[in-house]
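Chains as they are written, first to last, in my numbering: chain A, 10 to 275; chain B, 10 to 275.
Please note that the accuracy of each hint is not assured.
Note that the list lumps identical chains together, so a pair holds whenever it fits in one copy or between two copies.
Claimed, not checked - List time: in silico SDA-like cross-link candidates among lysine to any residue, alpha-carbon distance up to 25 angstroms:
#  : residue 1 : residue 2
1  : K66       : G212
2  : K66       : L143
3  : K66       : L43
4  : K66       : V163
5  : K66       : D42
6  : K66       : Y152
7  : K66       : T44
8  : K66       : A80
9  : K66       : L211
10 : K56       : L211
11 : K56       : G212
12 : K56       : V153
13 : K66       : T214
14 : K66       : A41
15 : K66       : H38
16 : K56       : T44
17 : K56       : E161
No lab work stands behind these hints: they were computed from the structure.
Residues per chain, in single letters:
There are 2 protein chains.
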Amino acid sequence: MTGATDSAAADGSTPEAIMGATYRALCEHGYADLTMQDIADQSDKSKASLHYHYDTKEELLLAFLDHLYDAFTDDVGTTDGDDAVERLVRFVDEVLCPAERTDEADGESDGGETGSDGPDDDGTGEYEEFQTALLEIKAQGPYVEAYREQLERVDAFVRGRVRDIVAAGIDEGTIRSDVDPDDTAAFVATLVDGVNTRRVALGETDGSVRDTFLAYVRANLLAPDADVAADLEPDSETNGGEASDAADASGGAESDDGLATAGGDD
Amino acid sequence: MTGATDSAAADGSTPEAIMGATYRALCEHGYADLTMQDIADQSDKSKASLHYHYDTKEELLLAFLDHLYDAFTDDVGTTDGDDAVERLVRFVDEVLCPAERTDEADGESDGGETGSDGPDDDGTGEYEEFQTALLEIKAQGPYVEAYREQLERVDAFVRGRVRDIVAAGIDEGTIRSDVDPDDTAAFVATLVDGVNTRRVALGETDGSVRDTFLAYVRANLLAPDADVAADLEPDSETNGGEASDAADASGGAESDDGLATAGGDD
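Generate the whole structure from the sequences, applying the supplied hints.
As C-alpha cells, then:
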C-alpha cells in the first residue's frame with residue numbers, strides 16, 4: 010500500500026494533512042455524500058493510503074472529530090477578561106466565532122482548495138459549509154454512538170468552561186450567589202446549539218440573539234452592585250459601537266456570525 | 010399508472026394516508042436513506058402510485074413539510090392561560106411536547122406500523138426518530154431552498170406567536186414595557202432549536218433547560234409587580250409538583266421531552 014510510505018503518519022503523529030483534507034472535503038461535499046475518494050482528492054494521498062490508516066469513512070471522521078476537539082479546546086481554552094461576566098460574554102462570542110478555528114482545521118492548507126459547489130462562495134461560505142456538515146454529523150448521533158461520544162466531549166467542554174466562569178463570578182461577587190452554574194451552563198450550551206442549527210437550517214447569521222443574550226446575562230446573572238467590564242446594554246439600533254469591547258475578545262477574528270455579530274464590527 | 014385509480018387523491022384533497030406513510034418511513038429510515046419504495050411500504054399505495062403524485066422524493070417531502078406545518082399550527086395555534094406569561098410558558102412547553110402532533114402526523118395510521126430499526130424503541134422513540142429525520146432535513150437547508158422556505162415558515166409562526174404573546178403581556182402589564190417582543194421571539198426560537206438539536210445529537214431529553222427558561226422569563230420579562238398564574242420559581246430539586254400548572258397546558262400529552270419535562274409529570 011502506498012500508505013506505508015506516507016511520512017506524515019509513519020512517525021505516529023496526527024496526520025494533519027489528512028485532517029485538513031477531511032475538513033475541506035466536508036465543506037465541499039457534506040457528510041452524507043462524502044467518500045474516501047473525495048478526501049483523497051483534497052490531499053496528496055491516494056485513497057488506498059487513506060484506507061491504510063482508516064478502514065472506513067466513519068473511522069476517519071472519528072479521528073477528525075477528535076482533531077477538531079483538540080483544535081477547538083486550544084482555541085477557546087482560555088479567555089481573557091477583567092471579570093467573570095466579561096469572560097463569559099467573550100467565551101460565548103469565541104465559541105460562535107469561526108475564523109481562528111477554521112484556519113486551524115485547515116491544517117497545512119496552502120491553496121489546495123478546489124472550487125466549491127457548496128451553498129455559499131462569498132468568503133464566509135466555508136464556515137457555513139462546515140457547520141452544515143457538522144449538523145449532518147449531529148443527526149447521526151442516534152445511529153453512531155462514537156460520533157455522539159465525540160459531540161458530548163465538545164459539549165462537556167463548553168458546559169465546563171461556562172460553569173467554571175460562572176462559579177468564579179459568584180466567588181468574586183460579580184455573579185449573583187443564587188445562580189446555579191450547571192443550569193446556566195446547560196442554558197448557554199443550548200443557546201449555542203440553537204444559533205448553530207439556525208445558521209444552517211435558516212441561513213440566519215444576523216447575530217440578533219446576542220443582544221438578548223446580553224440582557225439575559227444582565228438580568229439573570231449579574232450581581233446587583235457589580236461593576237463589570239463588559240457592556241451588557243442591549244441596543245439593537247446602535248450596535249457595532251457600544252458593545253464592541255465585549256466582542257473584541259475573539260482575537261481579531263471576523264465577527265460576522267451568530268451571537269458574535271451584533272457587538273463586533275472590527 | 011395505478012395512481013390514476015387512487016381515490017384518496019382523486020378528489021384533490023391532501024392525501025393524508027401518504028403523509029402518514031411518509032412520517033413513519035422518515036422515523037424508520039431517516040431522511041438521507043429514504044426512498045419512495047420505503048414510503049410505499051408504509052402505505053397501501055404502490056411506488057408507481059406515489060410517483061403519479063410526486064415526481065421526486067424531494068417533492069413528496071415538501072408536501073409532507075407543508076402538511077406538518079398545518080398539523081403543527083393547528084396543534085399550537087391557540088394557547089390558553091390567565092395571562093401572557095402563563096401563555097408563553099405553556100406555548101413553549103407545547104412546541105417542545107411531541108405527543109399530540111405525532112398522532113396528527115400519523116394520519117390514518119391504524120396499526121400499520123412495522124418494526125423499527127431506529128435508535129430507540131422504548132415508546133418515546135418515535136418522536137426522537139422523527140426529530141432525527143427533521144434535523145437531517147434542516148441540514149439540507151443550504152442545498153434545497155424549498156426545504157428552507159418550509160422551515161422558515163414554521164419558524165416565523167413560532168416567532169410570531171411568541172411576539173404576539175409578549176406584546177399582549179406588555180399591554181396587560183404582566184411583561185415589562187422595555188422588553189422587545191421581536192428579540193424575545195428570536196431568543197425563544199433559538200432556545201427551542203437548541204433543545205431539539207441536543208435531543209438528537211446528544212440524546213438529551215432531561216428537560217434541564219426548562220428551569221433556566223423559567224428563570225429567564227422571571228428575571229427578563231416579568232413586570233415588577235405582576236401577579237401571574239404560572240409558577241416561575243425554578244427548582245430542579247423539587248420539580249414535578251410546583252410547576253405542573255404551567256405544563257398541564259399540553260393537553261394531557263406526555264411531558265417527557267425537552268423543556269416540557271421538568272414541570273410536568275402528569
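Here is how each hint holds up against the structure:
no.: 1; hint: K66 / G212; result: between (28 angstroms within a copy, 23 angstroms between copies)
no.: 2; hint: K66 / L143; result: both (15 angstroms within a copy, 24 angstroms between copies)
no.: 3; hint: K66 / L43; result: both (8 angstroms within a copy, 21 angstroms between copies)
no.: 4; hint: K66 / V163; result: within (21 angstroms within a copy, 34 angstroms between copies)
no.: 5; hint: K66 / D42; result: both (11 angstroms within a copy, 17 angstroms between copies)
no.: 6; hint: K66 / Y152; result: both (15 angstroms within a copy, 22 angstroms between copies)
no.: 7; hint: K66 / T44; result: both (7 angstroms within a copy, 23 angstroms between copies)
no.: 8; hint: K66 / A80; result: within (21 angstroms within a copy, 38 angstroms between copies)
no.: 9; hint: K66 / L211; result: between (28 angstroms within a copy, 21 angstroms between copies)
no.: 10; hint: K56 / L211; result: neither (35 angstroms within a copy, 32 angstroms between copies)
no.: 11; hint: K56 / G212; result: neither (34 angstroms within a copy, 34 angstroms between copies)
no.: 12; hint: K56 / V153; result: within (23 angstroms within a copy, 30 angstroms between copies)
no.: 13; hint: K66 / T214; result: neither (30 angstroms within a copy, 29 angstroms between copies)
no.: 14; hint: K66 / A41; result: both (11 angstroms within a copy, 16 angstroms between copies)
no.: 15; hint: K66 / H38; result: both (13 angstroms within a copy, 20 angstroms between copies)
no.: 16; hint: K56 / T44; result: within (9 angstroms within a copy, 29 angstroms between copies)
no.: 17; hint: K56 / E161; result: neither (30 angstroms within a copy, 40 angstroms between copies)
The structure fails hints 10, 11, 13, 17 (numbered hints given earlier, in ascending order).
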